[in-house]
Amino acid sequence: MEDPPIPPRPPLHPTSENPGSLESLIPQLHERFPGVPLTALGQTIFWDEPMKAVLLGALHAHAPGTPLHLSVMDTDYFAKPPLETEGHGEYVLLAHNDTTTKDLWIATGELSRLFGCETVPTREMFREHGIQLERVAREWNEPRLRFLDRVTEAWGWRGMAFTGSRRTLAGEIPLSGALPTLLDHLRWGFSATADALAEPESRALAHAVGEGWLRSVREYAAAHPDASLTDLYRYLLPLFTASLQKCLPEEQANLEVGGSLEEFRFNRETAGQPQFELLDLFLRPETAVAAKESYDDAVRGSDIYTLDRFSMGAIPFDLVIPGRGRGTIRIIPERVIIETEERIYLRITEPIRSVHDLAEAVERNLGTRVSVVGKALTLIAMLARCGLVVLNETGSTYVWRTRNMIEGLCDRGVRFALYPIVRLRFPTWESIAVTGETLRLPGHLAKAFGKEAVTAAEFSERWREVCAEQRAILDDAARSIGPRETMAFLARRGGPEWAERRQAYDRAQETLLSLRARLEEIKAEAGRLGEEVKALKAGSEALAHEKGEDYRRRVRPLREQLKDIGVMPPITLAELEERSEGEGFGVHPLTGQPVQPNDPAAAAKLLERLWEEMERRGAFDERWEALRQSLHDCEHRMRELDRRRAALLREESVQESRRRTEELYAQAQAAKLEIVRDAFLAAEGLEHTEHRPSAWWLLLLDPDGGWFREIRAHTGAYLEPLSCCLPPAIKRS
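According to our numbering, the residues represented by the sequence shown are 48 to 780, in order.
For the record, the hints were derived by calculation from the structure and aren't laboratory data. None of the hints are false.
SDA-like, lysine to any residue: derived pairs with alpha carbons at most 25 angstroms apart:
no. : residue 1 : residue 2
1   : Lys-494   : Asp-196
2   : Lys-127   : Thr-146
3   : Lys-339   : Ser-443
4   : Lys-293   : Gly-752
Label pairs and their computed distance ranges (CB to CB):
no. : residue 1 : residue 2 : range
5   : Gly-82    : Tyr-352   : 36 to 46 angstroms
6   : Arg-193   : Pro-398   : 56 to 66 angstroms
7   : Ala-651   : Arg-599   : 20 to 30 angstroms
8   : Lys-293   : Ser-68    : 17 to 27 angstroms
9   : Arg-193   : Leu-130   : 12 to 22 angstroms
Quantities reported herein were computed from a predicted structural model and do not represent experimental measurements. The beta-carbon is built from N, C-alpha and C at its ideal position, and this holds for glycine as well.
Please work from the sequences and hints to get the whole structure.
Written as structure tokens, this is what we have:
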């Protein structure tokens, strides 16, 4: 049966304005998508993934039987430390900066203390705000690389990496091997977060909660010696969600926990499941071209590779093979190639024309325990084919490219239905007031709030205002480029001492400006001399040309005439008479016969004229000497100007003024760096963590669950469409 005509495509814009509450959205979802699961795929439970438990209460109340499926991403690489990271197969904790760990990538081993996040103050950010990092580094009493590492480091964040291989799958990290480092990691984050509480009783309780979770990790590891790190995550995830909301068992019953390795298992039995329907479009001859073109158009202009950069036959999916890694799938006429670290070739007997053909070839060569996962754009589409993908408001920033890919398919006549994304907007910092705590702020936030400790109520009330103030500081810094502008900025933002320092800079500049005026006079005189030298050299060239032309026009003809009558000039008249009476002028070079003047009288006349011309041409030499002397005089005067310039620059007042201006500007750059870094970390960090808080912060700061309940009550939610059409099994409103 032919597909019905494609309906006009509605505009696909996120409806993020005035998002509804969970209590209003969940009934709508239940009405429109009955039985369709809400699903999320996360890399680590120690970040914001457990926060999606805000959905459980509303699901239990308004959509009974609708699961919230939280899955751990165990098909991704565990981490990719910088190639320069030293190690021989150890687990290490690394900070992220814009120098030695610039290329660090962590999937399942990241952790942030309270207020911390992976927000790197990059060198480019400093440059945009008028800070010359390398100049400051030269003046700093610290090794250059250590200084750059420190000032570009993300505050309050650490990532766990494995130095033995950059290509180890998260699901293959043995918990027993990673456990000591993991415990150190958690202890660091838990302790630093607990210490952010000002009240001793609260601090002690938070430490106790942290110790309880450390104990849970140790107990699980002892009871499951063969478990992987992601096995631990799957074990802890429901414990986290239950602890967050203090919910009834029936509410927790809506939660399902899984892992991507199992959920994307690919073999002949699973190939027909909805998550692999997009893969089928890239394999079927009638849709493959449209699918590949739509994908390439969607990623073009980003740092995501177009398919041609993966070599011939590539499709945007990876095959995950336990023990052998993951690699791009390539389909060529004779075989299937998997671009793992050691390339894998699959024998095929027939061309691959569908997802079932590929599953048959994969299973026959590799067995049934492999998985297929999409690359960035296609992975979201695989998930959204099966359920309503839940993301926080800033999660997966490339989703719009997935939407463009699906639109591209539609434009090419291929409809592909996806469920929309459910976006959650967490009111993290607006809700912290209910904890009733007093917070000890880290340095950059203490400067932003103007005090080292604030009540949670004040923090809740002021944090947006503080972020706006820090953004204003950054904007001011970006406009204040150059020494005087920088010091004026510091006088406004850095303290009253900078007004006096700017005056000192101006006084030193006055001396240098006076010097500059005298140097300008010397420069002007040197310019005039330069023009004079240029004119003299041009005159010399013209004189040489004139002399040459004169020779060719008036002297060469006489010499040629003398040669014609047997005289080889230049000679004197006396020599002419002597040789005419004697043996002549020697032997002719061609005939070998003696050469004699055939007309001595004509030769004498010509020779007389030649010598007259030679005497006349002496004037050229006189002019040439005058030009040479003028050039010599100019060069002498220019050397004198150089000596005067050097003497001015050596004056003690000038040296002191120059030293003072450089010293003040170096101090200004260093002071501006600190202000800009603090403002950046405060504004970016608070806005980032508002959207993506680490769920366990709530457990340590408010073990009774009040903070979580307040967040849940005020979480905003809205739908973000991914496709112009919806899967056919839903009930449309």
